[in-house]
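Q: Single-letter residue listing:
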Amino acid sequence: MYVLNTETINTHDIGIRPVSRPNDTIVRIENLNIHAGQHHILKNINIEIPRNKITVMLGPSGCGKTTLLKCMNKLTDLHRELRVSGKIFIEDDDILHTRTNIPAIRQKMGLLSQQPYPLPLSIYKNVAYGIKLKGIRDKKTIAYIVEKHLREVGLWAEVKDRLNNPATSLSIGQQQRLCLARGLAVKPLIILADEPTSALDPISSKIIENLFRELKQHYTIILVTHILRQAVRLADNVVFMYYGKIIEQGNPQELLKNPETEKLRKYILEGN
Amino acid sequence: MIFRRYLIDRTASVWMVTALLIILLLPVLIGIALYLKSVPLFEIQSFASLVTSSVWLPAEGKFGFWPFISSSLYVTVLSFIFAAPVCLLAAVYLTQFASKKLIRLMHPVIDILAGLPSVIYGVWGVLVIVPLVGKILAPLLNISSSGYTILSGGIVLAVMCIPYMLNMLVEVFNTVPIGLKEASLALGATYWDTVKHVVIRKSYPGIISAYGLGLAKAFGETLAVMMVVGNRVQLTLNPFEAGYPLPALIANNYGEMLSIPMYDSALMFSAFLLLIIILIINIFFRYLIHKTKKR
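Protein sequence lines correspond, in order, to chains Z and Y. Start counting the first sequence at 942; every next residue gets the next number (our numbering). Start counting the second sequence at 551; every next residue gets the next number (our numbering).
Some hints here could point you the wrong way.
Stated by the list, open to error - Which residues of chain Z face chain Y? A few of them, derived with a C-beta cut under 8 Å, are:
1) S1026
2) L1052
3) L1060
4) Y1070
5) L1074
6) I1077
Unchecked claim - Simulated pairs of lysine-lysine, DSBU-like, Cα-Cα distance not exceeding 30 Å:
7) Z:K1075 - Y:K746
8) Z:K1101 - Y:K746
9) Z:K1015 - Y:K746
10) Y:K843 - Y:K746
11) Z:K1157 - Z:K1101
12) Z:K1028 - Y:K650
13) Z:K1066 - Y:K746
14) Y:K843 - Z:K1075
15) Z:K984 - Y:K843
16) Y:K650 - Z:K1081
17) Z:K1101 - Z:K1075
18) Z:K1128 - Z:K1157
19) Y:K612 - Z:K1015
20) Z:K1080 - Y:K843
21) Z:K1089 - Y:K746
22) Z:K1157 - Z:K1075
23) Z:K1080 - Y:K612
24) Z:K1198 - Z:K1186
25) Z:K1075 - Z:K1028
26) Z:K1015 - Z:K1089
As the list claims (entries may be wrong) - Some chain Z residues flagged as far from chain Y (calculated, every beta-carbon gap over 12 Å):
27) G1027
28) N1042
29) P1057
30) Y1183
31) E1201
By construction, these hints were calculated from the structure, which means they are not laboratory data. Ideal Cβ positions, reconstructed from N, Cα and C, are used throughout, including at glycine.
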């Protein structure tokens, strides 16, 4: 097993984040439009995402929430048919028109998908994968970071004796936490979570939700969901989307109690 | 009414099981038939001596199959060395990087190549590869060669196997979920990192399976190889020398086998050997797939 000597490890390298400025904006999206052929998927999106809060993107299936989320870490580049225009600022860097390398931009955002996608590697190597991509080669440092983030997502006790087993040998809930640990290990600023509990049982879902509540002290979380109750439980900020447009945005208590638009009112009624 | 539906249900099941049994029994029946036809040969030479002896003098009743086996293996391994990396890289490019236009263009090209009769590859081999090997490659290395060589056989066989293996590899890589690629890219991997550590790794069992089937197909390929390989019984490690693979032995000599005693049994035994070796290749690759799936 991995015996750690933390005295030799430079904490600057391993994800101890500086205390962040509360309530400022970490993501700013201006006039974002996405087309797929003739289909206008996202229509003139303008939003600001506050730092160290949970922002929930709410809306019916197919309204463009996932596309918007994937646009933020340029995974829309994988789909050549998509034409993206507008600006997305992550901490003042326009990532859509950037000259800096895209892998470095993506490392600023950990991604958690609808269903967990463990890499075809061992549990340990899954978490170590992103760390190595950052250029960290020291085995002790890597082992320290792996353990730290497996502990952070509450998985260490469950896997410490089988770190070399394939990640696919874990349960779905454990795999999702592993994916979260893997994302956190690259020191992201933001966690992009795309309906991360949709494939999980209620107990695993609760674990993930509780983790998000703890993680928001250090990370900004952007959560896509169509589950109204999940939004109520977790959100500090709600963005309601409908057919590619942002309809309403704001504090969940006010927004969900007194919706301004008929579309959100209907959605809340049907959701309840 | 219920009885009729039950009857149709049972009949359909019986038909399906029967069809499956026929498919399962086919290789067994072929194997038994070839073995029985080879039995007379075992009375004059042991199995081990037949497989390991290099003396091929049918008129004197000496049947050593080692030159044929080694030729077959040599040509097959050469073709695999040429075809495997080309197919892997082409399949990765087609599935991970190519534009839809290129994919649309490539698919019919691959299908046409896969559908070409082997005699066309053979003629192309005689017209292009044999002179290339005999008049360009061999002189470059100060070797005298007719061009009808093991190397020519390997190249022609590789070209024949490429569309077959490429098609399978494309299918394999297309099954890698896009979510897995996104997961890797989101962690800061480049496209190449993702291909190397995720796509290829995830596809290991499929890649092995494609290679295994390709190798088994290459081992049994007859006509095109026979046209360019020289068909001389000899033991050699020099790829610029002629060889004589097992399938070519059968195809070249089947018409005259009755004139020499035991020759028919010898040819049936070579077919039996071919079946066994292909079976061994398949079992070996199944084992590899099993091992990689466990990882």
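Q: Taking the hints in turn, state whether each one holds.
A: Evaluated hints:
1. A least Cβ separation of about 21 Å between S1026 of chain Z and chain Y goes past the 8 Å threshold, and the interface hint is therefore violated.
2. Interface hint status for L1052 of chain Z: upheld, as the beta-carbon distance to the closest one in chain Y is roughly 4 Å, under 8 Å.
3. Residue-level restraint check for L1060 of chain Z holds (minimum Cβ-Cβ distance to chain Y is 6 Å; threshold 8 Å).
4. Here the hint on Y1070 of chain Z is kept, as its CB sits about 6 Å from the closest CB of chain Y, short of 8 Å.
5. For L1074 of chain Z, the interface hint holds, the least distance from its beta-carbon to any beta-carbon of chain Y being 5 Å, beneath 8 Å.
6. Checking I1077 of chain Z against chain Y: minimum C-beta separation of about 12 Å lies over 8 Å; hint violated.
7. A distance of roughly 17 Å separates the Cα atoms of K1075 of chain Z and K746 of chain Y; the hinted pair therefore holds under the 30 Å criterion.
8. For the hint pairing K1101 of chain Z with K746 of chain Y, the CA-to-CA distance comes to about 27 Å; that is within 30 Å, so the pair holds.
9. For the suggested pair K1015 of chain Z and K746 of chain Y, the alpha carbons sit about 21 Å apart, so the restraint of at most 30 Å is met.
10. Restraint check: the Cα-Cα separation between K843 of chain Y and K746 of chain Y comes to about 17 Å, which is no more than 30 Å; the hinted pair holds.
11. Distance check on the hinted pair: K1157 of chain Z and K1101 of chain Z sit about 26 Å apart at the alpha-carbon level, within 30 Å; holds.
12. With a C-alpha separation of about 27 Å, the suggested pair K1028 of chain Z and K650 of chain Y falls inside the 30 Å cut-off, and the hint holds.
13. Of the pairs offered as hints, the one joining K1066 of chain Z and K746 of chain Y holds, with about 14 Å between alpha carbons and a cut-off of 30 Å not exceeded.
14. A C-alpha spacing of about 29 Å is found between K843 of chain Y and K1075 of chain Z, which places the hinted pair at or below 30 Å, so the restraint holds.
15. Distance restraint check for K984 of chain Z and K843 of chain Y: the Cα-Cα separation of roughly 45 Å exceeds the 30 Å cut-off, and the hinted pair is therefore not satisfied.
16. The suggested pairing of K650 of chain Y with K1081 of chain Z is violated, with an alpha-carbon distance near 45 Å, which exceeds 30 Å.
17. With a CA separation close to 24 Å, the supplied pair K1101 of chain Z and K1075 of chain Z stays within the 30 Å bound.
18. Restraint check for K1128 of chain Z and K1157 of chain Z: the C-alpha separation of about 14 Å stays at or below 30 Å, so the hint holds.
19. Restraint check: the Cα-Cα separation between K612 of chain Y and K1015 of chain Z comes to about 70 Å, which exceeds 30 Å; the hinted pair is violated.
20. Annotation: proposed proximity of K1080 of chain Z to K843 of chain Y holds, straight-line Cα distance about 27 Å (limit 30 Å).
21. This hinted pair checks out: K1089 of chain Z and K746 of chain Y have alpha carbons roughly 27 Å apart, not beyond 30 Å.
22. A C-alpha spacing of about 23 Å is found between K1157 of chain Z and K1075 of chain Z, which places the hinted pair at or below 30 Å, so the restraint holds.
23. Only pairs whose Cα atoms come within 30 Å are accepted, and K1080 of chain Z paired with K612 of chain Y is rejected, the gap being roughly 63 Å.
24. This hinted pair checks out: K1198 of chain Z and K1186 of chain Z have alpha carbons roughly 21 Å apart, not beyond 30 Å.
25. The suggested pairing of K1075 of chain Z with K1028 of chain Z holds, with an alpha-carbon distance near 26 Å, which does not exceed 30 Å.
26. This hinted pair checks out: K1015 of chain Z and K1089 of chain Z have alpha carbons roughly 28 Å apart, not beyond 30 Å.
27. Annotated as non-interface, G1027 of chain Z keeps its C-beta farther than 12 Å from every C-beta of chain Y; the closest such distance is 21 Å.
28. For N1042 of chain Z, the non-interface assignment is contradicted: its Cβ lies about 9 Å from the closest Cβ of chain Y, within the 12 Å cut-off.
29. Against the 12 Å criterion, P1057 of chain Z falls within the reach of chain Y, whose nearest CB is about 9 Å from its own CB.
30. Consistency note on Y1183 of chain Z: stated as away from chain Y, and its beta-carbon is indeed over 12 Å from all of that chain's, at 25 Å minimum.
31. Every CB of chain Y lies more than 12 Å from the CB of E1201 of chain Z, the least distance being 35 Å, so the non-interface label holds.
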